[in-house]
Each structure stands twice: as C-alpha cells, then as structure tokens.
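Protein chains: 2
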Amino acid sequence: MDDHTPGPRSGRPPTSTDVARAAGVSQATVSYVLNDAPGVRISQETRVKVREAAERLGYAPHASARVLRTGRSDIVLIPTSTIPVGRLVAELDMAMSERLRRLGHTVVHFGDPRSRGVAAARVWAEWRPAAVFVEAHRLTAAAVSQLYAAGVATVLAFGPEPSPYAPTFVFDDGNVGACAAEHLIARGSAALAAVVPTEHGLDGFGLRRLEGVARVARAHDVPVARVDLPFDEERANEIATGWTRDPGARPDGVFAYNDEYAMLLMRALQDAGLDIPGDIAVVGADDLPLAPLLRPRLSSVRVLTDITPDDLAERLAKMIADGERDPATTIRASRTEMIVRESS
Amino acid sequence: MDDHTPGPRSGRPPTSTDVARAAGVSQATVSYVLNDAPGVRISQETRVKVREAAERLGYAPHASARVLRTGRSDIVLIPTSTIPVGRLVAELDMAMSERLRRLGHTVVHFGDPRSRGVAAARVWAEWRPAAVFVEAHRLTAAAVSQLYAAGVATVLAFGPEPSPYAPTFVFDDGNVGACAAEHLIARGSAALAAVVPTEHGLDGFGLRRLEGVARVARAHDVPVARVDLPFDEERANEIATGWTRDPGARPDGVFAYNDEYAMLLMRALQDAGLDIPGDIAVVGADDLPLAPLLRPRLSSVRVLTDITPDDLAERLAKMIADGERDPATTIRASRTEMIVRESS
Chain E
1 MDDHTPGPRS GRPPTSTDVA RAAGVSQATV SYVLNDAPGV RISQETRVKV REAAERLGYA
61 PHASARVLRT GRSDIVLIPT STIPVGRLVA ELDMAMSERL RRLGHTVVHF GDPRSRGVAA
121 ARVWAEWRPA AVFVEAHRLT AAAVSQLYAA GVATVLAFGP EPSPYAPTFV FDDGNVGACA
181 AEHLIARGSA ALAAVVPTEH GLDGFGLRRL EGVARVARAH DVPVARVDLP FDEERANEIA
241 TGWTRDPGAR PDGVFAYNDE YAMLLMRALQ DAGLDIPGDI AVVGADDLPL APLLRPRLSS
301 VRVLTDITPD DLAERLAKMI ADGERDPATT IRASRTEMIV RESS
Chain S
1 MDDHTPGPRS GRPPTSTDVA RAAGVSQATV SYVLNDAPGV RISQETRVKV REAAERLGYA
61 PHASARVLRT GRSDIVLIPT STIPVGRLVA ELDMAMSERL RRLGHTVVHF GDPRSRGVAA
121 ARVWAEWRPA AVFVEAHRLT AAAVSQLYAA GVATVLAFGP EPSPYAPTFV FDDGNVGACA
181 AEHLIARGSA ALAAVVPTEH GLDGFGLRRL EGVARVARAH DVPVARVDLP FDEERANEIA
241 TGWTRDPGAR PDGVFAYNDE YAMLLMRALQ DAGLDIPGDI AVVGADDLPL APLLRPRLSS
301 VRVLTDITPD DLAERLAKMI ADGERDPATT IRASRTEMIV RESS
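Sequence lines, in order, name chains E and S.
Residue numbers are given in UniProt numbering: position 166 of the first sequence equals residue 166, and the series is strictly consecutive.
Residue numbers are given in UniProt numbering: position 276 of the second sequence equals residue 276, and the series is strictly consecutive.
Hints are computed from structural coordinates only; laboratory data are not their basis.
Hints are supplied without guarantee of correctness; some may be wrong.
Claimed, not checked - Sample of chain E residues lacking proximity to chain S, with all beta carbon distances greater than 10 Å (derived):
1. Tyr32
2. Leu103
3. Ala186
Stated by the list, open to error - Calculated from the model, a selection of chain E residues having no Cβ within reach of chain S, i.e. all distances over 10 Å:
4. Arg41
5. Thr46
6. Asp112
7. Ile185
8. Ala191
9. Ala214
10. Leu293
11. Asp322
12. Arg341
Said to hold, decoys possible - These stretches of chain E come out as covered by chain S in the derived footprint (C-beta under 8 Å, 3 or more residues):
13. 147 to 154
14. 261 to 269
Quick reminder that beta carbons are idealized off the backbone N, C-alpha and C, glycines included.
In isolation and in its complexed conformation, chain E is listed as follows (with noise of 0.2 Å):
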C-alpha cells in the first residue's frame, strides 16, 4: 500500500504513535505540536515535519483525548428544541455560532428536543460543555445542579421569563401583544380580538402575545377576543363569516399573532365582505417580507433586540470564562416597534 495516501481501507485509524514514529519524533512533541502548545519551544524543522507525517497519515487529533486532559471542553451545547425555528431565529443562531467560533468555541447542537429536567441534563453532561444554552422550561433545579456538578461553566436558559435556577436571556412575547393593543387603541378600536395559533409549538407563543394584548385592554377598559385559528382558511372564512352576520359580535380590530396569520385573515374578512381598515384594522407581527406585499400593506409589529448575535456571543463567553451563575442575571432581549401601514 502506498502510505502516502490515507486510504479508506488502511483498517485502524492512525494515532499519534503513528506519527510520531514516522516523523522521528517522540509522542509528546506530536503533542505540543499538534496542540499548539503554548510555552513550548520547538524548532519549526520539528514542527513542518510533524505536520506533514500527521497530514500523510490523515491523523486527526482527537476532540475526546482533548476533554478528557483538560476536564472541560469548549464547547457551547445548544440542545435541540422543539421550537419552530422561524428565520428570525435561526438567522441569531447562526450568528451567534459565528461569533462564538471566533472566540475559540465549538457550538454543537444536538439531543433529544422533547428532553427535560435531569434526565436531559445528564445526556447533555457527558459532553462536558463548557456552557449550555437551553429554552428555560427545561430545567430544573437538579437539573443545573446536576450540569454544574459536571463542570459545566454556566448554563444560558432563555425563554419568556427569568428561570429561577440559571441566568436568562429573556425573550418577552408578551411585549409583542401590548405594542399591537397600544396601537389599535389609539387608532380607535373600541373591542379588539387576538389570534392564537392552534398549532402546537405556537400556542404558547400565541398565550403570551395574548397577555400582552390583555393587559394593555384591561388599563383602557376595552374587552379582548380570543379567536383560536389553525392556519386552515375554511376555519378562517367561517370565523369570517361569523362577524358578517352578527356585527355585534365583530372586534374593530385584531391583533393577528403574526404577518403569516393576519394575512390568512385578512383574505378571508375580504372575501366576506369586510373592508380593512374600515370595518376591521389588521395588525401582525415580525414584519415579514409579505407584510408589504399584501393589499391594503399590512402594519406589523417588528421585534428588536437590544443585543446583537455578537453582543450575546461575547456576553455568554465572559460568562464562561467567569463562571456566571446567578440566577438573578438577565439579559432582557425584545424590544417592539410599531410598523403602521395600511391595515390599520
């Protein structure tokens, strides 16, 4: 066999043995070499020749031997959720992993999306990660407890409210649902409806937007509809309907969850009949793409952060390297701001 070439058939995968002896080299300095060991002096003779055997070889080093020597990895765990990933949130995601990879981290995502409390915890401890970044409601004090015991640095929860076991990024759809009701108050709507989403994985979302609706309607004394809708245009044409023949029972304005459902209702109160604004005022949320593109162009609620993809990057790796663990941390992420178009 030419050993010039790593073949997919050389059997055992080569070790640093392996290199070392084809450099003429003991295994330590294929080490510090390797490792990029700081401190060390070798000459760069040395070195080019224990990168080019390790290269002929296709020696990797090996991540594992690499955590069991130092105790700890880099790595910042993001385990899989179950939350749809819209682009908003996955444009953060990428984002932050960028930035996270440039302060020397390795972000890995992975595990069981149904997965909570110290069952998960456990799973997720084996990776020895140096931070784990998780939606709040999957964890539990034991669980912290036990991802703290394994050496974990700090543990990132995130969601709509501060957990009360690790420091929070704390994203609040409630904030949402309130920039929407202040709007549509102001704009004269005298009974307002929301949207909650029935699908599952949304209508938590749908809840919390809800609330924020709610509670601006109760401060000005205006009563809020709930009007539970999948994304199914029969359910929409009938909800429709429904306000065509009882006028009464009609809000003069809703808020839509998002761009996605208000344009559903809006075809739908159209189709009936309606006229948005004028009967109706439509306000959605995230400010999509579409949003312009629908006809009258549809006012959405734009979400903002406070902090960057690389402000959150940088804040989480001085976390790690600080090992903060306060619970009373928070790092307050959604702020609103209202797009008036034509729909309202």
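Fit chain S to the supplied structure of chain E, relying on the hints for placement.
Just chain S, lined up with the frame of chain E:
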C-alpha cells in the same frame, strides 16, 4: 456541605472513582453498571447502589472516555450548512434526527458553515463520528480519505448531483424548473422567463431550477429569459413596468423560483396593470401555505420525496453498519407534482 445535593460549588466534577467509593464497589463495576455492559452478571442490589451513588454525586458518564475506549462514537455529524433552512429541510432534519436517535445514534450539528475540503474534514474527524452527512460540494477526494482514515464508517453527501467521492443523497432542483416549464408550455405559453434570486445562498438553487426550465424549453423550441431578482419591491416594479412598456419583450409564462418570489412578482405585475394569467401566467414552487391565499390563487410545483426521513435515517444506519463507501451509491430524492390553481 450536604453531600446529598450535587452543588454548584463542589469544585472538581465527580469521577467514576468517587462513585465506586460511595457505593463501596470497584471502579470496573461502576463502569459495567453505568454503561449497561452486556454479558456481565451484577446483582440488582449492586446496580441500584451504583445508580443511586451516581445520582447523589451528580456523576455523568463521560462521552469522551467512551469514545476513546471504543475508538468510534455513535455520532452522526451533520456539519452546519450555509443553506438557508426552509421549513421542508428543517422538518426533514428533525424527523431524520429523531429516528437516528432511536436507532442509537447521536446526531450532532456543528462546525464552520463555510469550511470545506481537507481542513474541514480534519475538524470533523476530531469527533470520530460514525458518519458524516454533508453537502457534496464541500467534499474533496482528500477530505473523504481523511475521514475514512480517522475511522468514519461512511460519508453520505447530499446535493443536486452525485459526489464522485462518496455515496450521495441527490436532491434534483432541476426537476422543479422542468415541471413548471412542462406545465406552462402545455397551457400555451410561447415565451418563458425564469426568476433567479440574487440572494447569496439561493442563487445556486435558482440557477439549477433555471437549467431545468431551459432543458424543457429547448426541447419545445420555446425561448427562456433569465430574470435576476432580489427580494425587493422596487426592483420587481421596474421589471413589471419594463414589460408593460415593451410588450414584445414580455414573457407570457413565468416560473418565479418559489412561492415567495411569485408573490413579490405577482404584486408588481398587478400594480403595473397586467392580468394574471391573461397577460402572464405565473408559477411558484414549494407550495407554501400562502399559495392558495393569493389572488389569483398561485399555481405551484410541489416537491415530494421518494424517501421518508425515517427511511433515510434507517438507510444511513445500515450504511454505517455495513461501512458502505461506494460513490456509485445514490439515493434519489425529489419527485415533483404540479399544483394547478388560478395563476396559470
């Protein structure tokens, strides 16, 4: 300190030696019990004692130690990709990961999305994965050799064409454009246009869909104009008004890349006073929930997979078990179906 509570301040993470001491058994026994070693007889009483001690101390077995012992992990590594994750891909990924987990594999997403070739392979190899599932264009002969040399059982590529270096899961985007063109020509369109989104990451898909349109159009002697379009209303309006001013340059059938670009283009065409489908027929792709909500209702190419995520997971598990490495092995994925509504 109360040793019944694994505390955040306990310092050094507990080791299997600590568990052995607390349970009054040997370290080997701890290892047998916690790794469910087959064929080793240990009394139920001892098993309970070990598990309780491990739980009390907050001990988690060490994934890295297990990897070093067995020389290969159960990891299916899916390097993070730059592909903008649509709903379809996210669902495929989640369902496939779920099944692989049930088959005893650990699905891990990580890595620099822009890395490729041997440099990328070296980083992936550090995890000693059992399999790597990655975009075909990121693989080179040397990269695949590096992975196999590190003990990876199989590399499964995915992309629009079979990889010359590894078995490939082939997703043929050309079929999508071809399906749209067949339909448009069958309904009488005599001058086609195909939208290619200018956004980075989408342009490749756009070009492959355009190629599919062009292939069918050539066979029917129908001209095809390429329309480069960013997701931008102003640019869409310019194209639409251009076609109004110069009807001779106007196509009578447009494949709009996907449903979102179709929505953007339809809005611009309608604002410019053109009738859909009277002046121009429009076809989208992906059959998104918004398609039937547009007026006219949007015709769309639905992409079907011949293989379910469960089947793909099982196929990959079998490839790992068999050490399947033949680049001639391909799994074909996409069939298409034309959903005809009102826009064409």
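Verification of the supplied hints:
Consistency note on E:Tyr32: stated as away from chain S, and its beta-carbon is indeed over 10 Å from all of that chain's, at 17 Å minimum. With a least beta-carbon separation of about 13 Å from chain S, E:Leu103 lies farther than 10 Å from that chain, consistent with its non-interface assignment. The non-interface label for E:Ala186 is consistent with chain S: the shortest C-beta to C-beta separation is roughly 28 Å, beyond 10 Å. Here E:Arg41 stays apart from chain S, with its beta-carbon at least about 25 Å from theirs, past the 10 Å limit.
The beta carbon of E:Thr46 is kept farther than 10 Å from every beta carbon of chain S, the shortest such distance being approximately 20 Å. Against the 10 Å criterion, E:Asp112 falls within the reach of chain S, whose nearest CB is about 6 Å from its own CB. No beta-carbon of chain S comes within 10 Å of the beta-carbon of E:Ile185; the shortest separation is about 28 Å. Its beta-carbon lying about 25 Å from the closest one in chain S, E:Ala191 satisfies the requirement of being farther than 10 Å from that chain.
No Cβ of chain S approaches the Cβ of E:Ala214 within 10 Å, the least distance being about 27 Å, so the stated non-interface status holds. Look at E:Leu293: its CB is around 5 Å from the nearest CB on chain S, not clear of 10 Å, so calling it non-interface is violated. The non-interface label for E:Asp322 is consistent with chain S: the shortest C-beta to C-beta separation is roughly 14 Å, beyond 10 Å. Residue-level check passed: E:Arg341 sits 12 Å from the nearest beta carbon of chain S, beyond 10 Å.
Coverage of the region 147 to 154 of chain E by chain S holds [criterion: at least 3 residues with CB-CB distance below 8 Å; count 4]. Check result for the region 261 to 269 of chain E against chain S: holds, 3 residues qualifying (beta carbon to beta carbon below 8 Å, three or more required).
In summary, the structure is inconsistent with hints 6, 10 from the numbered list given earlier, while agreeing with the others.
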